[in-house]
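One-letter residues, chain by chain:
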Amino acid sequence: AQSVAQPEDQVNVAEGNPLTVKCTYSVSGNPYLFWYVQYPNRGLQFLLKYITGDNLVKGSYGFEAEFNKSQTSFHLKKPSALVSDSALYFCAVRDGGGPFYGNNRLAFGKGNQVVVIP
Amino acid sequence: EAGVTQSPTHLIKTRGQQATLRCSPISGHTSVYWYQQALGLGLQFLLWYDEGEERNRGNFPPRFSGRQFPNYSSELNVNALELEDSALYLCASSSGFSGTRIGGYTFGSGTRLTVV
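These protein sequence lines map, in sequence, to chains A and B. Take the first sequence: its letter number 103 is residue 113 in the numbering used here, and every next letter is one higher. Take the second sequence: its letter number 67 is residue 183 in the numbering used here, and every next letter is one higher.
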């Protein structure tokens, strides 16, 4: 079964410092990987995705993620964190059975609370 | 372009009652997904509808059910409510089977269900 793991419950980082949110995955076949962000009392917003191609994926709001197949990881990164980046971050994976076949649902991790300290 | 809309925003029910939650997808999207976000448990997949049919179901009891209408809107019904059903219920939409290839899901802001 497809799954993702986000090992840290909370990530604290000082404003201006690099931010990393960790995610590892487990799928059969090729992975389609996603990051979403959730602000208080809101739904999830799409940040970026990895389908194929370059291992470094650039997304919204200055975020990027690095796909590492050997380590089955897809860590989210931002070079310089802002206070406004404080939110709940979710990693998700879809079983890559081809874009037109199979299970289209996403499995989400439990989320990481990011706190950026001014 | 209107996003994914969910109603009501908040819903308070007593144990044993039924709750109905509604979702309207983005225009042109045919797939609707329902997730439960309970405190500390992340997002748990409930149901996926596409073109009016249930495509997949998560590990939830049968009292969680739903349907998708011809206009692709959807409703989630929870019967015989239990206290542990209290959670944020999120609806998302995508453009069918290829939705996650394009840009992932688009989520609504959710319905906060409280069972007392």
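If you're looking for bench data, these hints aren't it; they were derived computationally from the structure. Wrong hints could be hidden among the right ones.
What the hints assert, rightly or not - Here are a few chain B residues that face chain A, going by a calculated C-beta distance under 7 Å:
no., residue
1, Gly-158
2, Phe-161
3, Trp-164
4, Gly-168
5, Asn-175
6, Phe-176
7, Gly-226
8, Thr-230
As the list claims (entries may be wrong) - Stretch-level coverage of chain A by chain B, calculated; a stretch enters the list once three of its residues show a Cβ under 8 Å from a Cβ in chain B:
no., segment
9, 45-52
10, 115-127
Unchecked claim - Over the 10 Å line for every Cβ pair with chain B, so calculated as not near, a few chain A residues:
no., residue
11, Glu-18
12, Glu-25
13, Gln-55
14, Asn-65
15, Leu-66
16, Phe-73
17, Ser-80
18, Gln-81
19, Ser-83
20, Lys-87
21, Ser-90
22, Ala-97
In this text, a Cβ means the ideal position worked out from N, Cα and C, and glycines have one as well.
Hints, verified against the model:
1. Residue-level restraint check for B/Gly-158 holds (minimum Cβ-Cβ distance to chain A is 3 Å; threshold 7 Å).
2. Here the hint on B/Phe-161 is kept, as its CB sits about 5 Å from the closest CB of chain A, short of 7 Å.
3. A hinted interface residue such as B/Trp-164 counts as satisfied when its beta carbon comes closer than 7 Å to some beta carbon of chain A; here the least separation is about 5 Å, so the hint holds.
4. The restraint placing B/Gly-168 at the interface with chain A is violated, with a minimum CB-CB distance near 15 Å, outside the 7 Å limit.
5. Violation of the interface hint for B/Asn-175 is found here, the shortest Cβ-Cβ separation to chain A being roughly 10 Å, above the 7 Å cut-off.
6. Contact between B/Phe-176 and chain A, as hinted, is not supported at the beta carbon level, the nearest pair being about 13 Å apart and thus beyond 7 Å.
7. Using the Cβ-Cβ criterion of 7 Å, the hint placing B/Gly-226 at the interface with chain A is satisfied: the shortest such distance is roughly 6 Å.
8. Taking 7 Å as the C-beta cut-off, the interface hint given for B/Thr-230 is violated, the closest approach to chain A being about 14 Å.
9. Residues of the segment 45-52 of chain A lying with their CB closer than 8 Å to a CB of chain B number 3, which satisfies the three-residue condition for coverage.
10. Evaluation of the coverage hint for the segment 115-127 of chain A: fulfilled, as 7 residues show C-beta separations to chain B shorter than 8 Å, against a requirement of three.
11. The Cβ of A/Glu-18 sits about 13 Å from the closest Cβ of chain B, beyond the 10 Å cut-off, so the non-interface label holds.
12. Non-interface status of A/Glu-25 relative to chain B is upheld: no Cβ of that chain comes within 10 Å, the nearest being about 27 Å off.
13. A beta-carbon of chain B is positioned within 10 Å of the beta-carbon of A/Gln-55; the least distance is around 7 Å.
14. No Cβ of chain B approaches the Cβ of A/Asn-65 within 10 Å, the least distance being about 18 Å, so the stated non-interface status holds.
15. The non-interface label for A/Leu-66 is consistent with chain B: the shortest C-beta to C-beta separation is roughly 18 Å, beyond 10 Å.
16. For A/Phe-73, the non-interface assignment is confirmed: its Cβ lies about 14 Å from the closest Cβ of chain B, beyond the 10 Å cut-off.
17. At roughly 24 Å from the closest C-beta of chain B, the C-beta of A/Ser-80 stays outside 10 Å, upholding its exclusion from the interface.
18. No Cβ of chain B approaches the Cβ of A/Gln-81 within 10 Å, the least distance being about 22 Å, so the stated non-interface status holds.
19. With a cut of 10 Å on Cβ distances, A/Ser-83 stays outside the contact zone with chain B, its closest approach being about 18 Å.
20. Every beta carbon of chain B lies more than 10 Å from that of A/Lys-87, the smallest distance being close to 19 Å; the non-interface claim holds.
21. No beta-carbon of chain B comes within 10 Å of the beta-carbon of A/Ser-90; the shortest separation is about 25 Å.
22. For A/Ala-97, the condition that its CB be more than 10 Å from all CB atoms of chain B holds, with the nearest at approximately 14 Å.
Figure legend: structure checked against the earlier numbered hints; hints not met, in rising order: 4, 5, 6, 8, 13.
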